[in-house]
Every structure is written in C-alpha cells, then in structure tokens.
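J.: What follows is the residue order along each chain.
Number of protein chains: 6
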Amino acid sequence: MSDKNETRQNFSGEAEKVEEFNEFRERMNERILDSANINIKRFFNLDTRVYDEGNLSKQTKEMLGLVASLVLRCDECIKYHVQQCHELGLKEEEFFEVLNVGLVVGGSIVIPHMREAVDFWDQLQ
Amino acid sequence: MSDKNETRQNFSGEAEKVEEFNEFRERMNERILDSANINIKRFFNLDTRVYDEGNLSKQTKEMLGLVASLVLRCDECIKYHVQQCHELGLKEEEFFEVLNVGLVVGGSIVIPHMREAVDFWDQLQ
Amino acid sequence: MSDKNETRQNFSGEAEKVEEFNEFRERMNERILDSANINIKRFFNLDTRVYDEGNLSKQTKEMLGLVASLVLRCDECIKYHVQQCHELGLKEEEFFEVLNVGLVVGGSIVIPHMREAVDFWDQLQ
Amino acid sequence: MSDKNETRQNFSGEAEKVEEFNEFRERMNERILDSANINIKRFFNLDTRVYDEGNLSKQTKEMLGLVASLVLRCDECIKYHVQQCHELGLKEEEFFEVLNVGLVVGGSIVIPHMREAVDFWDQLQ
Amino acid sequence: MSDKNETRQNFSGEAEKVEEFNEFRERMNERILDSANINIKRFFNLDTRVYDEGNLSKQTKEMLGLVASLVLRCDECIKYHVQQCHELGLKEEEFFEVLNVGLVVGGSIVIPHMREAVDFWDQLQ
Amino acid sequence: MSDKNETRQNFSGEAEKVEEFNEFRERMNERILDSANINIKRFFNLDTRVYDEGNLSKQTKEMLGLVASLVLRCDECIKYHVQQCHELGLKEEEFFEVLNVGLVVGGSIVIPHMREAVDFWDQLQ
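Those sequence lines, one after another, are chains A, B, C, D, E and F.
Quick note: the first sequence uses the numbering used here, first residue 435, plus one each step.
Quick note: the second sequence uses the numbering used here, first residue 435, plus one each step.
Quick note: the third sequence uses the numbering used here, first residue 435, plus one each step.
Quick note: the fourth sequence uses the numbering used here, first residue 435, plus one each step.
Quick note: the fifth sequence uses the numbering used here, first residue 435, plus one each step.
Quick note: the sixth sequence uses the numbering used here, first residue 435, plus one each step.
Take these hints with a grain of salt, some might be off.
Note that the list lumps identical chains together, so a pair holds whenever it fits in one copy or between two copies.
[Stated by the list, open to error] With a Cα cut of at most 25 Å, we get these calculated PhoX-like pairs of lysine-lysine:
hint, residue 1, residue 2
1, K475, K525
2, K525, K492
3, K492, K475
4, K525, K451
5, K451, K475
Quick caveat, the hints were computed from the structure, so don't treat them as lab data.
Pulled out of the complex, with its shape left as it was, chain A reads as follows (with noise of 0.2 Å):
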C-alpha cells in the first residue's frame, strides 16, 4: 500500500472520527440532561460559561483547560479543547507549548494522550 493511498484511506476515516466523536457526546449529553437532575444540569451549564471570553480570552481559557485535560489525561476532554483551539486560531506552534508544558508537567504517562492529541489536531487541518 503507498504512502499516498493511506494518507487519503485516513483523511475519510478520521473525518468520520471527528463526527463520530461529536455525535456520541452530543447524543449522551442530551440523554443525560433530560434526566430530572438540576444539579447535572447545573453542572453542565457551568461547564460551558467557565469559558466564556472574561478578562482571560476565551483562547486563553481552552488552552487552560487543554493542558488541564491533558495531565489529568483525559482524551475525550482534550479532543474537545483541541477543537475550540483549532477553532478559535491557536497556531500549531503555540499548540505544541501547550502539550510542552503539560509533557514537563505530567511526565511521560502524558505521551499517548499527546498523540492522541496531535492526530485530533491534524484530522482538524
């Protein structure tokens, strides 16, 4: 198989990833939010305003809570913020301080999360 072939093979596949990803969480969020429990609820709305643009950037909140997601490893967290990164303009190099930070930080049981991330942020391109 050539390298070419894969490359394409991958950008369908992880395409499919990213959608998948979010049909999954969207999916369960709502399932979960139409239980009765207000303090869930609560919870979740909280979830959303902790980023909102404040006297921190909203860029500069999701790249806390990247790095956050990132030693607590957590990979379905840090897809989400390598999202709204991406989204919201963070370059690649600035990208990669972060996951720098949380490497020293968290140490080398951070490395596979740290794929994980970067072929999040690649699929994203």
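Dock chains B, C, D, E and F against the given chain A, drawing on the hints supplied.
T.: The following block gives chains B, C, D, E and F in isolation, referenced to the frame of chain A:
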C-alpha cells in the same frame, strides 16, 4: 436512517457490548487466577468480599464502589458497578444522584465516564 | 509519660485541630466568595446542594462523598465528610465499611489517608 | 483578639512561610542536583526552559503551569506558579479565572488547594 | 466454535494488535518530533535514556517503568514496558510479582489494566 | 548561623521526624486493626506479604513500591519504602536512579515528593 432503525441496531449492538465486556473480563480473570501468584488471588477474593452485605447493605456498598470508580475514571470498574447496582434494583433517579456526587467531587473530566455509565445503564434496561 | 496523660493531652490538642481546620476552611471560603467571580460562587453553591436530602438520603450522599474523597486522597475533603457522617449518626462499624471499600478500590496508598480519617473520627467522639 | 491584630500577625507569619517555602525548595534542589545523576539534572533544566518566553508569552505559560498544578493538586507546584504569575503582573481577576477553570475541570477536591493558592497569593501582596 | 480455533484466531489477531500498537506509536512519535519544539525532543530523549543500563540493570528499570505505568493506569505505557521486560527475559512468575506490587499499591482500579498487561504478555509469547 | 550548626540542628530534629512518623503510623495502624473489620485486616496483611522475598528479591520489590508511591505522590508511602530500601542496603546512586524513573514517568509534579524522599533518605544516614 430512521431513529427507530438506529435504536434497533443499537439494541442488539449494545447487548453484544455487555456480553463482550463480561466475556473478556471473565476470561482474563481466570487467566490471572491460574497464575501461581497467591497474593493476587487473595486480592481478588478481598475485592469480592468487600461488597458483601454487612453493616451497610450490598446496594449501598455497590453505590460506594460506583462513585469511587467514577472519580478515579475507570470505565471497566464503572460498568461493573453499574451492572451490580442495576441488578440490586437501584432506581434511575438514585443512579443519577450517585453520578452527580461523583461529578461535583471529580469535576468535568468525569463527564466522559458519566456518559459511558449512562450508556451502559441504558443497555441494561 | 503515662498513656492516660497522653490521651488527655491529645483530647484537648485534637479539639483544637478540629476547630483550626474549620476556622481556616471558613475564612478562606469567605475570602474566595468575596472575589467577584460568579462561576466560583455557583460551583460552591452546587457543592452544597449535591449533598442535600433527595432520592438518596443525606447520610448516603455523605458516605459517597467520603469514599470519593478517600480514593482521591484529599485529606481536607475526607475530614469534612467524616464530620458530616458523624453528625448524621453514622455508626463506627458502618464508617469502617466505607473506608474498606475505599481501601480496596484505591489500594495501599489510601492507608495514610485512612489513618487521618480514623484519627479525625476519634477526635469527634 | 481583634481582627486587626490577627491580620498583622498573619502578615509577618505569612512572610516567613513564603521564605521558608523558598528556602527548603532551593536547599533540596541543590542537594538533588549535587547528586551525580545526569538525567535528573536534564529534567530540572527542561522544567525551567519550558516556561521561557516563546510563541506563547511567559505569563501564559505560567498560567498553564498553574492550572496543571491545581488539577493535579500539587501544593508546592501551585505556590511556585502563583509566585511566578504574581511577579509577571497577573491581575487578581485573571488569577481567579485560572483557578475557576481548574475548579470546574478538577472538581471540588481542588477546593482545598484553591484555598492554599489564594492564601499564598494574599501573602505575596 | 472450538477452543482451538479461537486460540488460533486470537493468535493472528493479537499479532496484528501488537504491530498496530507499535505502528501508531512510531508514526505519531515521528510526527511529534518533526515539530520544531526542541523541548519536546529533549523530553523524548530523556524518556529513552532513563531506562539505559546504569547502577541498576535495564531490566530492573523496565520493571520500575512497568509498575509506575500500572499504578498510573496508562495502557500504552504498560504495553511498552511489558514488551521491554519480555525482550529482556523477565520470567512470567517475576512479571506477576511486579503486577502484584502494582495491584496492592494501586487497588482494584488497577485490575482492568492488569488484564490488558497479561493479555499483551500472552500475545508476545 | 553556621552550616555546621544547621546540620547538627537538623540531625536531631530530623531524627525526631523519623521517630514521630513511625510512632503515628504504628499507633493508627493498631487502632485500625483493633476495629472488628476483618477485610481491612486482610488488606493490611496482604500489604506486608507482597513485599516478601519471592521470585524477585525483597530489595527489588521495595524499589517497585518506592517508584509506585512516588508517581502516586504519597509522601507517607514514599518514606516507608525509602526506609525499607535503606535498611536493605540500597546504594545512593541506585536510589537516585529509582527516583529518576519516577520523575520521568510522573513529571515535574513529582519533584516536591522527590525532595521529601531525598530529605528522608539523608535523615536515615
């Protein structure tokens, strides 16, 4: 694709997921217990006994196991305790209150695992 | 030094420890809530409400909070929930069963925090 | 005891706490770097460089270090980054927004460490 | 389906899993090292050197890496060190003793990762 | 204050710290084992046996316990295993290599605990 079809497809797919989860779990446990290591056997034994009916009911203990697994973000452990709680007759609104404590204690990184927990709970219905 | 004296000395010393713990906790909470940050206030509010009597009793929820704090090894949180459980009339043999679930789930690294929990429990008697 | 006295007493006590913290930190770092272990030296070197001004500003990187330390609940690390952020001119309302992201991502177990962070911040004023 | 067939099927399936694991690992590492970030390169370099033969043997260091990865519950890291330990001639009964220390220190949440570790070990035979 | 005086002062102060650490540890363990909870006793028993000489030497197992405690950042556990390693004749340059693996795996958040470990090691000399 209609919603109805998707649900039907999920239903059978999910049933397989529960089975598959249980099958791998049991096969590997046997493999591990077949090893001569006596202390591992003792730990596995302890891991069963700690949830036995005692001064606290088995249901309460399984809820404790569930919230502990949730904040430590161990999907396999979560699924196991969701299954136990379900079999012991925990009601959905109680189930969500257990999740809610875990969510507030453990923060938004718990959310992806909460999604898995609710998804697994729905498969057990 | 006789055992009896040591115990007496502990008694008063420990009482101070409980008070000191509560004093610092409250002073800093006030300081934090005095900051203009509305989302932090919302989180603190949520952190109280989640333990309110609901479909599960307040006592069950406090046990859930205790075991979650134990496996996450947060001494301050452990102390807070030990205090709540004690006030709500949890019996010592029930208390130890909560600890036991946390110990098996979280492993031997939980032991130092279990020591603190038991020490704090004894101070509350 | 009047509030005013307590504050004054704190002021000097706190100043000592900052100094003591820095003294032990530096003494042990020297001790560790005196050991022949070259790879430990390399790690310490890396741990400094990663916060250097780059594509992201030093201040942004220190905020990243702070939130990462907060969700991993490492008091020493938190204090170090609070100190750096403070020296680099971070404003109090920005500081609280960093804490807020950490609180929502990491949950209520982060609160005791947030208290320490704010206490340390106040000592630096 | 006979046991024999299942085993045979596993054998080839598993071989692919080992390969696939190594392929993704290497591809993403290259991608990451291709980024201009010098500090990430330095970390990766350090991550290799720390396991070099030194005052402690390479095998001892790989066992240390394995138990550390196990209690931190990082499947990718576990697999990597299982592979290294296996290549360096660690015996199965020694392997299980490493797992056992990790199990007692880290608790029952380690069990799913222990299953993965043993499954991967068996694939390497 | 001269360096020599400081060292002497440390020496006696530190010796007390080692003793105090061991005293609280033993007193609380007894208190916990006096509780009727049979499963806690079993866990404590297991926690001793897992470090017994086996296919791996006691020293190797204590190093495994040390690195696991280090990456999980449990100061009490670290101190216990440092003490055991020291008694079993681990050399300083080997000790630092264990720390180094923990540092690279667990990242810079391990550093404060490494400081404690080295401080405790020095007190044992």
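J.: Now, for every hint given, state plainly whether the structure supports it.
T.: For each hint, the structure was consulted:
In the homo-oligomer, the alpha carbons of K475 and K525 lie at most 25 Å apart only across protomers (19 Å), although the nearest pairing inside one protomer, at 33 Å, exceeds that limit. Taking identical chains as interchangeable, the C-alpha atoms of K525 and K492 lie at most 25 Å apart whether they share a chain (15 Å) or sit on different chains (17 Å). Taking identical chains as interchangeable, the C-alpha atoms of K492 and K475 lie at most 25 Å apart whether they share a chain (22 Å) or sit on different chains (20 Å). Only within a single protomer do K525 and K451 lie at most 25 Å apart by alpha-carbon distance; the minimum there is 22 Å, versus 34 Å between protomers.
Taking identical chains as interchangeable, the C-alpha atoms of K451 and K475 are never at most 25 Å apart, the minima being 27 Å within one chain and 28 Å between chains.
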